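Assemble chains V, A and X onto chain F, guided by the hints.
Protein chains in written order, with this note's numbering: chain F, 57 to 388; chain V, 57 to 388; chain A, 57 to 388; chain X, 57 to 388.
Think of the hints as simulated: they come from the structure by calculation, not from any bench. Incorrect hints may have been included.
What the hints assert, rightly or not - Here are the simulated DSS-like pairs of lysine-lysine, each with C-alpha atoms no more than 30 Å apart in a straight line:
1. V:Lys-157 x V:Lys-198
2. F:Lys-95 x V:Lys-295
3. V:Lys-295 x F:Lys-295
4. X:Lys-96 x F:Lys-295
5. V:Lys-355 x A:Lys-95
6. A:Lys-206 x A:Lys-355
7. F:Lys-130 x F:Lys-165
8. X:Lys-377 x A:Lys-377
9. A:Lys-381 x X:Lys-377
10. A:Lys-165 x A:Lys-198
11. F:Lys-67 x F:Lys-95
12. F:Lys-95 x X:Lys-355
13. F:Lys-295 x X:Lys-295
14. A:Lys-251 x A:Lys-87
15. X:Lys-75 x X:Lys-62
16. F:Lys-75 x F:Lys-96
17. X:Lys-198 x F:Lys-75
18. V:Lys-168 x V:Lys-251
19. F:Lys-80 x X:Lys-198
20. V:Lys-75 x A:Lys-157
21. V:Lys-381 x F:Lys-168
22. X:Lys-96 x F:Lys-355
23. V:Lys-106 x V:Lys-95
24. A:Lys-252 x A:Lys-377
25. A:Lys-96 x V:Lys-157
26. A:Lys-67 x A:Lys-80
27. A:Lys-198 x V:Lys-80
28. X:Lys-95 x X:Lys-67
29. V:Lys-295 x X:Lys-295
30. F:Lys-80 x F:Lys-95
31. F:Lys-157 x X:Lys-80
32. A:Lys-251 x A:Lys-67
33. A:Lys-168 x A:Lys-355
34. V:Lys-95 x A:Lys-355
35. V:Lys-80 x A:Lys-157
36. X:Lys-295 x F:Lys-95
37. V:Lys-96 x V:Lys-80
38. V:Lys-168 x V:Lys-252
Predicted model only: the values in this text are computed from it and were never measured.
Number of protein chains: 4
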Amino acid sequence: MIIHLKDNIGKESAENIAKDISGKLIYDEDKYIIITSSKKNIIPKKYENKVDESFIIESDIQLSSRNYINETRKIKINNIEVGGDSMNTLMITGPCSIENKDQIEKCAKLLKENRLTTLRAGCFKPRTSPYSFQGLGLEGLKMLSDVRDKYGFNIISEVKDTSHVSDVIEYTDIIQIGAKAMYDHGILRETGRQKKPVLLKRGFGSNLQEFVQAAEFILSEGNPNVMLCERGIRTFETKTRFTLDLCGVSFLKEHTNLPIILDTSHAMGYSYGVPDLTRACVAMGIDGLLIESHPDPSKALSDASQQLNFQEFNVMFESLKPICKAVNRNLI
Amino acid sequence: MIIHLKDNIGKESAENIAKDISGKLIYDEDKYIIITSSKKNIIPKKYENKVDESFIIESDIQLSSRNYINETRKIKINNIEVGGDSMNTLMITGPCSIENKDQIEKCAKLLKENRLTTLRAGCFKPRTSPYSFQGLGLEGLKMLSDVRDKYGFNIISEVKDTSHVSDVIEYTDIIQIGAKAMYDHGILRETGRQKKPVLLKRGFGSNLQEFVQAAEFILSEGNPNVMLCERGIRTFETKTRFTLDLCGVSFLKEHTNLPIILDTSHAMGYSYGVPDLTRACVAMGIDGLLIESHPDPSKALSDASQQLNFQEFNVMFESLKPICKAVNRNLI
Amino acid sequence: MIIHLKDNIGKESAENIAKDISGKLIYDEDKYIIITSSKKNIIPKKYENKVDESFIIESDIQLSSRNYINETRKIKINNIEVGGDSMNTLMITGPCSIENKDQIEKCAKLLKENRLTTLRAGCFKPRTSPYSFQGLGLEGLKMLSDVRDKYGFNIISEVKDTSHVSDVIEYTDIIQIGAKAMYDHGILRETGRQKKPVLLKRGFGSNLQEFVQAAEFILSEGNPNVMLCERGIRTFETKTRFTLDLCGVSFLKEHTNLPIILDTSHAMGYSYGVPDLTRACVAMGIDGLLIESHPDPSKALSDASQQLNFQEFNVMFESLKPICKAVNRNLI
Amino acid sequence: MIIHLKDNIGKESAENIAKDISGKLIYDEDKYIIITSSKKNIIPKKYENKVDESFIIESDIQLSSRNYINETRKIKINNIEVGGDSMNTLMITGPCSIENKDQIEKCAKLLKENRLTTLRAGCFKPRTSPYSFQGLGLEGLKMLSDVRDKYGFNIISEVKDTSHVSDVIEYTDIIQIGAKAMYDHGILRETGRQKKPVLLKRGFGSNLQEFVQAAEFILSEGNPNVMLCERGIRTFETKTRFTLDLCGVSFLKEHTNLPIILDTSHAMGYSYGVPDLTRACVAMGIDGLLIESHPDPSKALSDASQQLNFQEFNVMFESLKPICKAVNRNLI
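Chain F on its own, in the form it takes in the complex:
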């Protein structure tokens, strides 16, 4: 149950009520809100006069539910917006990993030429093998930060475990929680206790219920700025790296109020399929895209096979424009 307390209620009083009914208390847009387990659906008599509005929600998908807010949340990322009535589709691109200054500078130029606003690059890489390149870490974050200052981009980078979550929060404009870290309560809690937008990737073995409930962890800590990112699930099919779950995206659009970003690069795993899949995603009317591009993919230190070179990116990008127009979206 979600309970909006009355405006004039004080912090102390709100905290006492939350404690008494075993709920979580958040403060959002000048309002105190308590969320309890969905199993509870009765407000104790003594508190009835403190309550402005309440929402009984059947499952533990509560703050993210369309039964609570019946539209897509609007999220501000510095000077740009996604969701709400913005009709924006945000093209986020850049390399899998930041490798050096020259590489990231080239990527910045790609964005600049296409008037794009948001640069992605991984610094802490959740590699499967301990014997592969593990990313530049904090040094990479600082390089990215420099690029932001120079070009005025927004920067997004991935956190892979709790040990460096505060660094990623400090240096980026959007915090990306990687697929392998989707259940990491340490990360969910830390990113929930601040207000920068969070892009939460679906674990490739996670079902939609778990995915949205991970978002609930962030929301219920008090950060309303969560975006969901579908990036392919693991199935029996091995000709492609993962299986992009667009049926799941339809479900998320119907049942949740969170903006939806699609990562077609990781889903496909091969650059040849990325343009077609990206066109498909755009036609669904989604809020953003996460596409890996690299000045020279064959030399990339990670995910070489799935990154687009700049020419491939540009051709694809042009092809998205008429589709965006057909579905009444602005490609930014």
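Frame of chain F, contents of chains V, A and X only:
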């Protein structure tokens, strides 16, 4: 290995060579063609002067491979075409099951109003439970055949096991092999020995290799008119009925020469998601769609939750037109 | 609902009632039984005095349910029994495919030496590729039949589509319905209309509900002699051929009344893992095993990697005996 | 490649070589060992005389490979041993979550009565919903530690993210890395830098390659005491909570040198199936079991449906003894 024999070779000689090298012999467009296991890659010396051209293909995806024919095959369905240079996207629609004359007459009118050409309806239903409605069988096929004669549509209906394959071949214009029958060699063989187009659905537990190899069974019997239909695979996700595998579609477009049809109704299992998914498919530039529609889905005898009513269908259909235009396709 | 009609009811009367309430009529052990959809749970007033007993079952798993018969059915295979109070674990072994007389004669000797009773060998092979060995077909069935006559074994072989189901019924003692044919209504119907035992394999993409409902098709045609065979499901794991679902076996033991046979060879796909997995299955207290063995697996025409050679088989077989004893089972 | 440096080599020299060839250096049993990416397979000439022995391993499963150590590693957990030549099968049991002192005291008595040595109980619970019981945290660890001091048990508890890994390391005898944390490099690194035994659970969406490579992260930090725990993977089957992957266990036994523990409680998700599955696991000859038991499962604050009550546990435990004997294992 695929071997094109010289034009002047006689039937008897072709048969002898095929037998000698354990290959399958087909006769396509006035040419004798022998296909052997992909493990063979040498033509015996004594036959070299009988061979016009040969293709060594690495896997047992041979006749359907882009390494053999580097474009999408053109398939004629009476007066219409898909694949090749046609740039057509064929909208096939109709109810899950034909239930009675009145119902199918209403569906025919929906097609007529939208100038569509191809009507689908199931007669032999591969139901999971023996205690559910099993379809009208042969009687249904005859009703469909009457509708064709009256309106000039092409008719497509499903074969579910070998016992009625000859009936489905006789009464339809496109033979649909259902997902549960994808491995049925009896059906594959019979539909391969005639020339009507075959729409082969991917089994929901079948990987892409097996899917295309099932098509090879038909092609290698001599029927070149095979279309592949992706209709969702079974994954751990249960909020939707199946998971539409568009990564797999990208693979099929890249590696095979067969037209690709998408069935979003079965993939999603819920009508609310069908329009969005269908828009996504169209934006990928595919050859056709298979959409379930019903005059009154709530009363349907099968698949009630996933069929569109006519208004929903019409709204979706209009929305597809600008996307088709954006990707340079004709919606027919 | 399952309805047992009174003993003195005539055939005609039973048929009329079945027709009137849209149920399926079977005649089992001198009793007329009607099964309706599980959605029906009321017997019309006018028939109440014709009914001996009735069972309301919640799902369409009815005749196979423990809510109907609360023990494992006993099935007679000529002179041997499985299920019921027999406490037998039946070891079925033999090659993937029958290849020639010499090979099958050697296999027969393996059985003889170990006092085994049931020989398996495939004749109609559901191969994935049209360019691989497809089995000896009817000729193979006749060879198997000769071996039976010579040694007194029971013979089991697989039917893969409806076109040859009558041949398999004629020549074998147990009819095996292959995993790829689990949904084949033509086969289910034909094997249901006779009384020879049927071993129904679970499709590798089929869930337990569908698996047991396929058995219901056979049972509801009137053949009570159905055994369920788990042989591995398809998952994301590719280091092994399939994933043996022993959790599913626990479910089947708890909820159904059908004997359960385990095929560890196909599940694992590699001979090295077969003995360990077979020991695991035996310790669960199951009704039978289906193990591939071959005089020289490296030369097998199909499934070379997963067949045990005779020495491996013998070592494994000895190791099963103390485990059988520990769980109070007779290995036959 | 794994390189054993000569005994007399100093630390500084070892570090220099490791750095020069981009390898990881560990010190194990008085030996310096360098591990490089498996892509490297040549030792520079200048270092050849510093090398005692080297192992070229094809994949990045290196330290855990049978190609490196061709037997199961022996792991000491205080006074007991698993793996190696011990032939022990370790029964670890206890509740899903520690809830209060009374509950854990009752569990301790169950262990005492059965002469068991190792108590499990969760303190930091990786719950899917933020609105469910999240565990007692550090307070729970301290209670467990008291029980250890009182009874002389070994204690195992789960770490779910990096923020509390040092607490779990401090208070337990075996550190359990939960399935949802399998990819957590922060945890893997911290547990690799100390020597207490680690039980690493397989992520339910993780394949065997990733699972063993996660173990490599720990091993390559210098902790040789890693046990692998299979606890069920996520598949399309929903009648059971997960699917226990015993084919995968066969693979792990064949290809890795790490002891294997089986968790049948989480795999099944329902107590009725746990005894049968546990018997199956024991018959495979594995190194340990992780079974949830609770004084009153119906009142458990988490995983109520899958925990055994004490009577169920005792009945199952007795039944394991003859199977252990049959496969020559000591149940401790």
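We went through each hint and held it up to the structure:
Restraint check for Lys-157 of chain V and Lys-198 of chain V: satisfied, since their Cα atoms lie roughly 11 Å apart, inside the 30 Å limit. A threshold of 30 Å between alpha carbons decides the hint, and for Lys-95 of chain F with Lys-295 of chain V the separation of about 21 Å falls inside it, so the pair holds. Distance hint between Lys-295 of chain V and Lys-295 of chain F is fulfilled; the C-alpha atoms sit about 25 Å from each other, no more than 30 Å. Between Lys-96 of chain X and Lys-295 of chain F the CA atoms are separated by roughly 27 Å; this keeps the pair inside 30 Å, and the hint holds.
Of the supplied pair hints, the one linking Lys-355 of chain V and Lys-95 of chain A holds, its CA atoms being roughly 16 Å apart against a limit of 30 Å. For the hint pairing Lys-206 of chain A with Lys-355 of chain A, the CA-to-CA distance comes to about 26 Å; that is within 30 Å, so the pair holds. Under the criterion of a C-alpha separation no larger than 30 Å, the hint pairing Lys-130 of chain F with Lys-165 of chain F is consistent with the structure, at around 28 Å. For the hint pairing Lys-377 of chain X with Lys-377 of chain A, the CA-to-CA distance comes to about 16 Å; that is within 30 Å, so the pair holds.
For the suggested pair Lys-381 of chain A and Lys-377 of chain X, the alpha carbons sit about 12 Å apart, so the restraint of at most 30 Å is met. A threshold of 30 Å between alpha carbons decides the hint, and for Lys-165 of chain A with Lys-198 of chain A the separation of about 18 Å falls inside it, so the pair holds. Distance check on the hinted pair: Lys-67 of chain F and Lys-95 of chain F sit about 25 Å apart at the alpha-carbon level, within 30 Å; holds. As the CA atoms of Lys-95 of chain F and Lys-355 of chain X are separated by approximately 16 Å, the hinted pair is consistent with the 30 Å bound.
Of the supplied pair hints, the one linking Lys-295 of chain F and Lys-295 of chain X holds, its CA atoms being roughly 28 Å apart against a limit of 30 Å. A distance of roughly 15 Å separates the Cα atoms of Lys-251 of chain A and Lys-87 of chain A; the hinted pair therefore holds under the 30 Å criterion. In summary, the hint linking Lys-75 of chain X to Lys-62 of chain X is supported, as the alpha carbons are separated by about 17 Å, within the 30 Å threshold. Annotation: proposed proximity of Lys-75 of chain F to Lys-96 of chain F holds, straight-line Cα distance about 14 Å (limit 30 Å).
Taking the CA atoms of Lys-198 of chain X and Lys-75 of chain F, the gap is about 25 Å. The hint holds against a cut of 30 Å. A C-alpha spacing of about 27 Å is found between Lys-168 of chain V and Lys-251 of chain V, which places the hinted pair at or below 30 Å, so the restraint holds. Restraint check for Lys-80 of chain F and Lys-198 of chain X: satisfied, since their Cα atoms lie roughly 26 Å apart, inside the 30 Å limit. Between Lys-75 of chain V and Lys-157 of chain A the alpha-carbon distance is near 24 Å, which keeps this suggested pair within the 30 Å criterion.
With a C-alpha separation of about 29 Å, the suggested pair Lys-381 of chain V and Lys-168 of chain F falls inside the 30 Å cut-off, and the hint holds. Of the supplied pair hints, the one linking Lys-96 of chain X and Lys-355 of chain F holds, its CA atoms being roughly 18 Å apart against a limit of 30 Å. This hinted pair checks out: Lys-106 of chain V and Lys-95 of chain V have alpha carbons roughly 21 Å apart, not beyond 30 Å. Restraint check: the Cα-Cα separation between Lys-252 of chain A and Lys-377 of chain A comes to about 29 Å, which is no more than 30 Å; the hinted pair holds.
Taking the CA atoms of Lys-96 of chain A and Lys-157 of chain V, the gap is about 27 Å. The hint holds against a cut of 30 Å. Restraint check: the Cα-Cα separation between Lys-67 of chain A and Lys-80 of chain A comes to about 13 Å, which is no more than 30 Å; the hinted pair holds. For the hint linking Lys-198 of chain A to Lys-80 of chain V, the alpha-carbon distance of about 26 Å falls within 30 Å, and the restraint holds. Our distance criterion of 30 Å between C-alpha atoms is met by Lys-95 of chain X and Lys-67 of chain X, whose separation comes to about 25 Å.
For the proposed pair Lys-295 of chain V and Lys-295 of chain X, the alpha carbon gap of about 15 Å is at most 30 Å, so the pair holds. Restraint check for Lys-80 of chain F and Lys-95 of chain F: satisfied, since their Cα atoms lie roughly 14 Å apart, inside the 30 Å limit. Simply put, Lys-157 of chain F and Lys-80 of chain X have alpha-carbon atoms about 26 Å apart, close enough for the 30 Å limit, and the pair holds. For the given pair, Lys-251 of chain A sits about 19 Å from Lys-67 of chain A by alpha-carbon distance, which is consistent with the 30 Å threshold.
For the hint pairing Lys-168 of chain A with Lys-355 of chain A, the CA-to-CA distance comes to about 23 Å; that is within 30 Å, so the pair holds. Between Lys-95 of chain V and Lys-355 of chain A the CA atoms are separated by roughly 16 Å; this keeps the pair inside 30 Å, and the hint holds. Distance hint between Lys-80 of chain V and Lys-157 of chain A is fulfilled; the C-alpha atoms sit about 26 Å from each other, no more than 30 Å. Pair hint Lys-295 of chain X plus Lys-95 of chain F holds up; C-alpha atoms about 24 Å apart against a cutoff of 30 Å.
Straight-line distance between C-alpha atoms of Lys-96 of chain V and Lys-80 of chain V comes to about 13 Å, which keeps the hinted pair within the 30 Å bound. Restraint check for Lys-168 of chain V and Lys-252 of chain V: satisfied, since their Cα atoms lie roughly 24 Å apart, inside the 30 Å limit.
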